[in-house]
Amino acid sequence: MNQLLEVFQTHSIVTIQLLKQEFSFSERKIRELIKEAREIGIKKGFDIKTLIHQGYRLEIVDSVTFKEFLDYLNQYEIFDGGNKEYRLSLIRYLLLQNQGFITIDQIAEVLDVSRNTVISDLKIIKKQLLEFDIVLSSKTHYGLTIKGSEAMKRKLFSKMIKEEMELDHNSNQYFEFIQGLKFDEVKKMFIQLLYEYEMRMTENTIESILIHLKILLFRISQKNDISEVSINKNLIDEKSYQLTKKLVRYLERKFKVVIKEQEMDLIASQIYGKATSNQVPKEQEKELKESIEQALVKIDQEFLTDFRHDDLLKECLLLHVYPLLLRISFGLELNNSLINSISVQYTNSFLISIRFIEYHKELSQHSLSRDELGYLALHFAAHQERKNQESIQNIRNILVVSDSRRSKTLLLKVLFENHFPKANVTVRTTQQIEQDLLDGADLVFSTELLDELNKQVVVIMIDETMTEKEMRRIKNMILFQDTAVNNKVPTIQNLFFKDLFFSSDSKDYLDVLETYSQQMVDYGYADSCYPGSVLEREKKFSTIYENGIAGPHSMVQNAKKDSIGVILLKKPIHYEKKEVKCIFLINIRKHHLFLHQEVSQFMMKLMADTGTINMLSQTKTFEEFVIYAKKLW
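Under the UniProt record's numbering, the first residue of the sequence shown is numbered 1, with each subsequent residue one higher.
It should be emphasised that the hints constitute simulated quantities derived from the structure, not laboratory data. There may be inaccurate statements among the hints.
Below, a list of computed lysine-lysine pairs in the BS3-like style, where the Cα atoms sit at most 25 angstroms apart [stated by the list, open to error]: (1) Lys-298 - Lys-539; (2) Lys-153 - Lys-126; (3) Lys-631 - Lys-620; (4) Lys-630 - Lys-469; (5) Lys-620 - Lys-35; (6) Lys-577 - Lys-605; (7) Lys-361 - Lys-35; (8) Lys-422 - Lys-469.
Produce the entire structure from the sequences given, and follow the hints as far as they go.
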């Protein structure tokens, strides 16, 4: 807040672009900061005024109150996030003192700087550590840790202490103070209390709470207490409050400190907002159930799904939405390290979770992070997986029609038995087909064209040399009820067209999407609402994934012709701090959900293959693109 107000005091008019450069935050984060500043300013003698088409201006309402507030901020500013040398020192210390893994988000939270700032600092630290034969190692879904001999770690630590003496006396006090804390026992006590009160937290969340407790104890040692906290204690359930009381009393005894009630309220809100419980207060349960039911009914009507009849899904959503609303009320968010893979692998579930938020009367009033959205999407993905298993187990009789040699038909029989373990698989030639076999079959597969069959019998055409990959595609097709009578199973290559292959030198990501999604409309592939719907989706939650791959799609699945527009950028462009090289504009009809699965698998493979990405980005023709893309089909 101090840094934000400094910018406003040094500029007569402040633009969003200026703030983005100063803080390296997204536009959304900047707007949240301005909103927070306005709320604080009501009591602190200032306001942030909006100047139409210009930006924002600081207006001092009460100069005395405002000055007192600035003095308060300057007095209690513990960490100087703008001091790069100090910031690097603190990050090195966090890495050294942490026995396990620590995430970039946790470091950013402690330093009160952006994630991008931490990433930039880590590049410098990585080189510095190598001078001591210490390696900065990262592990997906876990975070960062350092590897090296204890002797070299001690040598590095000694060097750091000497440097901190030259940098800032306050920072040196912090290092010395934290070094003297024995927090292993605190962690054991905290985990024990979580178990006692039947609450759960991830390991990363536990570490995050412990870091906040360390900072709390340091602030208390500096007589830097929180003097004003607006926490609604009525929102915190009794279990969480009792847990916090026991934890605080333990800290007071162990470290011989006095923790004020306001501080305890803040700790309780952190614990309550970040923990999960198996209970929802009875007085809120009915209202929450009704709002979830109403949202699911609207989703079912739009997507022709059956979510509202899944009692397990509704129970899971109840236990998820309740703490989610609490996190929102306390200004907290969960981080989701799997967000990219979730948003690609479960494209439909991600879209449905967006709709759920829009249709939920309370959630629709808030702006949720992409990480929170990803956790919601997992519940809808789990529903789909359960339905998939039920569908597979309900298939009891399969008829395979083939005039191929016996060895090939036996292989087909084994393949079907492996993928449909509950089914009785019968193999017949075209001459052996009997009406009772057709009547009793749940599924009929054939390597031959069967013209004289009853038109009501659905036959799925297959190759006599069918592979595991083709079998998985067939299962997807069956699960999403998109079988085609007497037609070959559709594949992803059917979605790419020469007239939807583009190359662009634009420097604006959203302009690219608008331009080429409109061309898909003009060429007769997409509905007229497609461009607007794609931009709406992208502005809410970006579909830019790993290694420069983007897969934007519309909020509504109403394609005129299932298709994917391919846009290869001559030079990478950036949007919301993410690099984009290749864009796949996805345009698929509502009932072709299995094609979404195919597209998801294609994009997951592509993201993992940087060599192919580089080759694709250099291709000049559609034919050349197909050659490289085929490797992943």
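Against the structure, the hints:
1. Lys-298 - Lys-539: holds (23 angstroms)
2. Lys-153 - Lys-126: With a Cα-Cα distance of about 14 angstroms, the restraint between Lys-153 and Lys-126 holds, given a limit of 25 angstroms.
3. Lys-631 - Lys-620: holds (18 angstroms)
4. Lys-630 - Lys-469: holds (14 angstroms)
5. Lys-620 - Lys-35: violated (47 angstroms)
6. Lys-577 - Lys-605: Within the cut-off at roughly 23 angstroms; holds.
7. Lys-361 - Lys-35: holds (22 angstroms)
8. Lys-422 - Lys-469: holds (21 angstroms)
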